[in-house]
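K.L.:
For reference, the chains in residue letters:
Protein chains: 2
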Amino acid sequence: MELITNPQPLQWPTLLKRPIFDNAEIQQRVMPILQEVAKRGDEAIRHYTQLFDKVTLNAFQVSEEEMAEAQRLVPETLQQAIAQAKRNIELFHTAQYDAEKQIETMPDVICWRKSVGIEKVGLYIPGGTAPLFSTVLMLGVPAQIAGCQEIILCTPADQYGKVNPAILFTAHLVGIQKIYKIGGAQAIAAMAYGTATIPKVHKIFGPGNQYVTAAKQLVSQTGTAIDMPAGPSEVLIIADHTANAKFVAADLLSQAEHGTDSQVILLTTHAPLANAVNAEIARQLETLPRKSIAEKALENSKIIVLPDTETAMAMSNVYAPEHLILAVEDPDALGEKVINAGSVFLGHYTPESAGDYASGTNHTLPTNGYAKAYSGVSLDSFVRKITFQHISKQGLKNIGLTISTMAEAEQLRAHAAAVYVRLEE
Amino acid sequence: MELITNPQPLQWPTLLKRPIFDNAEIQQRVMPILQEVAKRGDEAIRHYTQLFDKVTLNAFQVSEEEMAEAQRLVPETLQQAIAQAKRNIELFHTAQYDAEKQIETMPDVICWRKSVGIEKVGLYIPGGTAPLFSTVLMLGVPAQIAGCQEIILCTPADQYGKVNPAILFTAHLVGIQKIYKIGGAQAIAAMAYGTATIPKVHKIFGPGNQYVTAAKQLVSQTGTAIDMPAGPSEVLIIADHTANAKFVAADLLSQAEHGTDSQVILLTTHAPLANAVNAEIARQLETLPRKSIAEKALENSKIIVLPDTETAMAMSNVYAPEHLILAVEDPDALGEKVINAGSVFLGHYTPESAGDYASGTNHTLPTNGYAKAYSGVSLDSFVRKITFQHISKQGLKNIGLTISTMAEAEQLRAHAAAVYVRLEE
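Same order as they appear, the protein sequences are chains A and B. The first sequence begins at 1 in our numbering and counts up one residue at a time. The second sequence begins at 1 in our numbering and counts up one residue at a time.
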């Protein structure tokens, strides 16, 4: 990893610049797919599934037999691990439920919010080499807690028309009934517009390649909500003299193995750590099946030596990392100064992979600097908080003049009149 | 208003169809404005302000003298009304603050969320005939409670280079220091990209005309968050035999006066109410300064007679209105069945204008059916909920096998290794 020592704050933005992906061209390629699915429904889905996934499906929906088969294929140890992760995620996300608090803002003027689950949500789980069953937990568990009435899941089949059994096992565990073996931009279109087979949903969640991302972006402009804009995954670690080079190297690599476009940054106040981490990375890389991916990601990655952890935190807040690890002596104190980050991992024994899988926090997080304005997925992502108010006749007497004075000043007479007609009765 | 009796559920979607606005053409016109502001900054702003607002400004920022002058120009009664509304909005939005709840998902695995205000936010307040100082409260108050460090406000000046004093008074009251006299797409671009004078922000809030809306939509695709997608304002009223035709007519008109594209729907279980409301509308219309606007809006509006309030609520949930008024005998019971709505007004003495101005709830709400997936603006809109976790050495022993088993099954070895290196120590 490239080593930089004590850069001046003016240099920080350039140093921390992320690669810019222009997806206009991809959107151009995805647009006709969306239009075809909107027009021809299942027929278009079938066509694109043959074209891109090289598989002809008799039925899109996963059958009960396939579900039963998946339960048998997943090893007992993995079943237990998934069940444990589910319990932790459930615990953490259930605690996010807001009970209705009625606020009497003035006498007899009562206002409150009520969390109501989004009726229909669609979860997208990518196919490919790594079966992301953990994402089924991260999206399916809060969707269930929110009380979403219809939860569907789309994930592409392999060339034999099969979905990875761990994905099916996990979906079954969280109670998702409708699983469709379709992927890519065509799956996003199916969920956004609905087809004879695939129900239309109000919000679409989940990761995907650049085509899926572009499709989500496009449908989000025509009435379908999406979880958040997506970019390459990233980690920033702040490490001081108490940090263990082995741990730090392992955490950097666990991010780097995601993809060649992953972003990995180490800020350290302890110059000797820089070399020790680089040496450890070289050593640990040798043991990794995804070595070539990680190596490529590390080419764009940086170790920056800074005078103190305060400066490091200031720099981290400029970068706004998706994942932030504080491998320092007093992580709680430093954690208080976080302004921009998706998820924060405190101390030497809190690897990012804990949050990726099992500690209970969500792993769907804002990348690409979006942490400056967006939160990660949570129970909130699956509900609307609808406001309610109930004003009695006496309450309206108390608040009426305030309303009508403001309405008249905004030259909206009918707004004031809605108060007048009531107070005249 | 057009009267329809007992339509069959299959007809509902057609009956409730909103006009579709194709803003592709407007986006085409707005795009060069955004590009010019990105390239030439203040110079471009000055140019477009002369072109569109017909005013040449010496300085964009409102001066202290102008602020002081505004305080003198706002009548005492209006000052008091605004102050009262501010207290109510503050009370309601402060109650939305979530204290950190630490959850020990497994022994020594501790997870929590922390609300952190978005550092820099921009509020847009339209100019024109009606000075929307109420929106300054609705956006400025939660931004302050959230602890946003920089809150800027853009609003266009009139031909004399002045901003409406009620807007300046309200901005001062909520503690907004930086107010810029610029409007339109160029103001949105200035806040999204920053100029020498106007600070770049992370999220932009506020209503506007179709150019402002298109500009917000465009910048939201390149890294600046926005409050929510916008469409024409709308109300749906469910009224039974206990409803007062005068009140119902006044509420319909208070929505209709917003704009010629406003959507107004009355669902009633009591057929005689339909005629009584139409007669009242005709009578009340005569008293309204914005009569011609309201008349136009009413042309596209409907009264639908339905057999019972349950059916009416089912229809309302299909429509997903921005504002929903329940003018029925037992509004609390019926309110329990709301699935899709932005804000709900219960009972005969709760006009929509209460929530528009003063009861405490927010008036920035999802229109155009977006209530199916989006909430209105709240304190949540101005914070990120950052997740934190702290795992001790013992905690990692407890959870380690779960993490590594899942990581290995997802073929992400480095994720598992981040656990192994720690447990080996």
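Keep in mind that the hints were calculated from the coordinates and are not lab data. Since the model is a prediction, treat every value here as computed from it, not as a measurement. Do not take every clue at face value.
Any copy, or any two copies together, can satisfy a pair, since identical chains are not distinguished.
Below, computed lysine to any residue pairings styled on SDA-like, alpha-carbon distance capped at 25 angstroms [said to hold, decoys possible]:
1. Lys385 x Gln96
2. Lys114 x Ser63
3. Lys86 x Tyr420
4. Lys178 x Glu69
K.L.:
Each hint should be assessed against the structure and marked as holding or not.
P.N.:
A quick look at each hint next to the structure:
no.: 1; hint: Lys385 x Gln96; result: both (13 angstroms within a copy, 11 angstroms between copies)
no.: 2; hint: Lys114 x Ser63; result: neither (36 angstroms within a copy, 42 angstroms between copies)
no.: 3; hint: Lys86 x Tyr420; result: between (55 angstroms within a copy, 22 angstroms between copies)
no.: 4; hint: Lys178 x Glu69; result: within (16 angstroms within a copy, 63 angstroms between copies)
Violation of the numbered hints given earlier is confined to hint 2; every other hint is satisfied by the structure.
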